[in-house]
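Engineer: Given next are the chains, with one letter for each unit.
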Amino acid sequence: MRIVIADDDFLLREGVAMLLRAESLDVVATADSPETFLAAVDEHEPDVAIVDVRMPPTHTDEGIRAAVEARRRRPGLPVLVLSAHVEQAFATELLAGGSSRLGYLLKERVGRVEQFLDALHRVVGGGTAIDPDVVAQMLTRSRPDRGLERLTVRERDVLGLMAEGLGNASIAERLFVTEGAVHKHIRSIFAKLDLAPTDRADRRVTAVLRHLQSTGAQS
Amino acid sequence: MNNVKSGTRGRALRTIVLSRGRVVLDALEHLVGGLGTALPAFVVLVWLLLVALLCAVGLGFLLAPTLPRLVRAPAERERARLSRWGPEVIAMGAAPSGVRAALADPVMRRELRWLLAHGTLGLAVGAAGATLAVQAVQDISYPLWWRMLPRDNASPNLVSWHVHTDLDALAVACFGLVLAAVFVLIAPGLARLQAWPGRRLLAPPPDADLSLRVARLSATRAAALDAHATELRRIERSLHDGTQNRLVAVTVLLGATRRALARDPATALPMLEQAQDAAETALAELRTVVRGILPPVLADRGLPAALAGLAADCGVPCRTDIDIPGRCAASAEATAYFVTAEALTNISRHSRARGASLTVRLRGGLLALRIEDDGAGGAAPRRGSGLAGIRSRIEAHDGRLTVTSPPGGPTVLEMELPCGS
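In order, the protein sequence lines correspond to chains S and R.
Just so we're aligned: the first sequence equals residues 1 to 219 in the numbering used here.
Just so we're aligned: the second sequence equals residues 1001 to 1421 in the numbering used here.
For reference, chain S alone in the conformation it holds in the complex (with noise of 0.2 Å):
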């Protein structure tokens, strides 16, 4: 897997290559602003970039535009977005035009390697990896209103692991049940919340975004 970083900050940037390359990965380049990064994608052709949301010049959300730029100019490449903290706004940003071959982590996730991995080889295959915290935020400002105080408590849970984009088979492992029963769980999740049914992956997360976004309080 071939993969190019964009970090301003060296020492991460440097740990995150370390470990990636310990773990017998390709790290073609790497990158401390969104130019180099953007260079690096057009010059290296990667299989995956992963991009931090604030860098130069602002140290806003220079990642997000990069990572959505350099998707532009090279359509379908799987983005992994790390941030310092939980913003709402940039997942939205991010996710606009699909949630296909993205990832939006915050950055300790890093730390925990297998996690990390799993994210990072998702989002390669053509899935998504929403942070658990986002999922949490997302699921804490829906409106009462919009069906999802119907869901009980164990749909509530396959709702936020879909929402992170685990599949039926990691859905099943996390919460120590049989596949079976969470394809159950999921039928009756679209059904409570009016979504038409589907099994990939990839569209359920869509879908399941795209619900909590239109539900989030307008504060």
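Keep in mind the hints are simulated off the structure, nothing from the lab.
It is possible that some hints are incorrect.
Quick partial rundown of chain S residues pointing at chain R, CB under 7 Å, derived from the structure [what the hints assert, rightly or not]: (1) D9; (2) L11; (3) L12; (4) G15; (5) L19; (6) A84; (7) V110; (8) G111.
If you only want the chain S side, here are some residues facing chain R, beta carbon under 10 Å, derived [to be verified]: (9) D7; (10) H85; (11) K107.
Yeah, the Cβ is synthetic: ideal placement off N, Cα and C, and Gly gets one too.
Fit chain R to the given chain S structure using the hints.
Structural biologist: What follows is chain R alone, placed relative to chain S:
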């Protein structure tokens, strides 16, 4: 015994000459500075009369709306000038718009009276003083260069005799000395006379004083809140992009180490070392951030010790004379600390001084700081400079900053801070 006495007398004489010299030089500076506002005042005065005349043919009415601003501009410059030496004359801000509003404004009416006085009397006094000084210098040095003048034109101004010999020229020099003596005697009086209309007429009428004070306080309060927000942003930025990133790096490295331990323990050691480095960097950055918020030394040892510590760390030798009985409000102490730190940094970086001194007094609820250096001078509070930062910090606390820094030095910063206790 006699020697000792004459020595003491000599020193006393020197002190008198030095202090008189300083007073006269200050007076000259004020007279010339007064000319700098009297000339614009004169021009505006002439323009005012011209526009009044033009009103007779109708054209003046088109030009009239610009007049209040034109009157206000030199008045504001004079206020700023007067505030730099002597009691503060509060700035008035924007002029009223429209001639009718301007004529109804008591402040504007007083400004018009000032314009009349300063544009004529002030101009004459300034010109007379400056001419006197220039003439004195010219006459005293006359013997040195009079031979270079054309034969038939060898008499300086104000001198009735013709200069044909060196003796005549020496007489001119003596006359120059008389002029200089006259200047030394009357210059401070002239400067006061020139400033008098401004001090009387540009100061707000007594009843307006309070509302102006409130307006000024509101402005400085807004500036204080701005400064506060900027400060918070700076702290957020350094925590976010510094400390937090270091800690994330620690977790990333620890994660990598765990994997390495399971796979090949030999590769884990360098990773652990890097993780420890990152944690130590995080600690160091955290300390810097904390020191930038409120230096712990202030809380631990109080302002006098904290200031003495700053002086001891200064790049040039710095004498201190600090006398602060009791404590001030924490915000005033922090401001005093930061501006002193900034000023001393400026001195060691830019002034090329060989020595500096820091004097701090607490009098009548005011914390007075005086920082002096014998460096190159020419310091000006330009935008974004250290001095501008000092000024905004001081003004945010409704304090005052006076900078005296002629080219060649010395530079003196005088600050007053209400200490709120």
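Engineer: Hints first: check each against the structure and report whether it holds.
Structural biologist: Against the structure, the hints come out as follows:
1. D9: 5 Å, holds
2. L11: It holds, given that the least Cβ distance between L11 (chain S) and chain R is near 5 Å, below 7 Å.
3. L12: 5 Å, holds
4. G15: 4 Å, holds
5. L19: It holds, given that the least Cβ distance between L19 (chain S) and chain R is near 4 Å, below 7 Å.
6. A84: Check passed: Cβ of A84 (chain S) comes within 6 Å of chain R, closer than 7 Å.
7. V110: At about 5 Å, which falls below the 7 Å cut-off, the nearest Cβ of chain R leaves the hint on V110 (chain S) intact, so it holds.
8. G111: 3 Å, holds
9. D7: This interface hint holds because 9 Å falls under the 10 Å limit.
10. H85: 8 Å, holds
11. K107: 4 Å, holds
In this structure, every one of the numbered hints holds.
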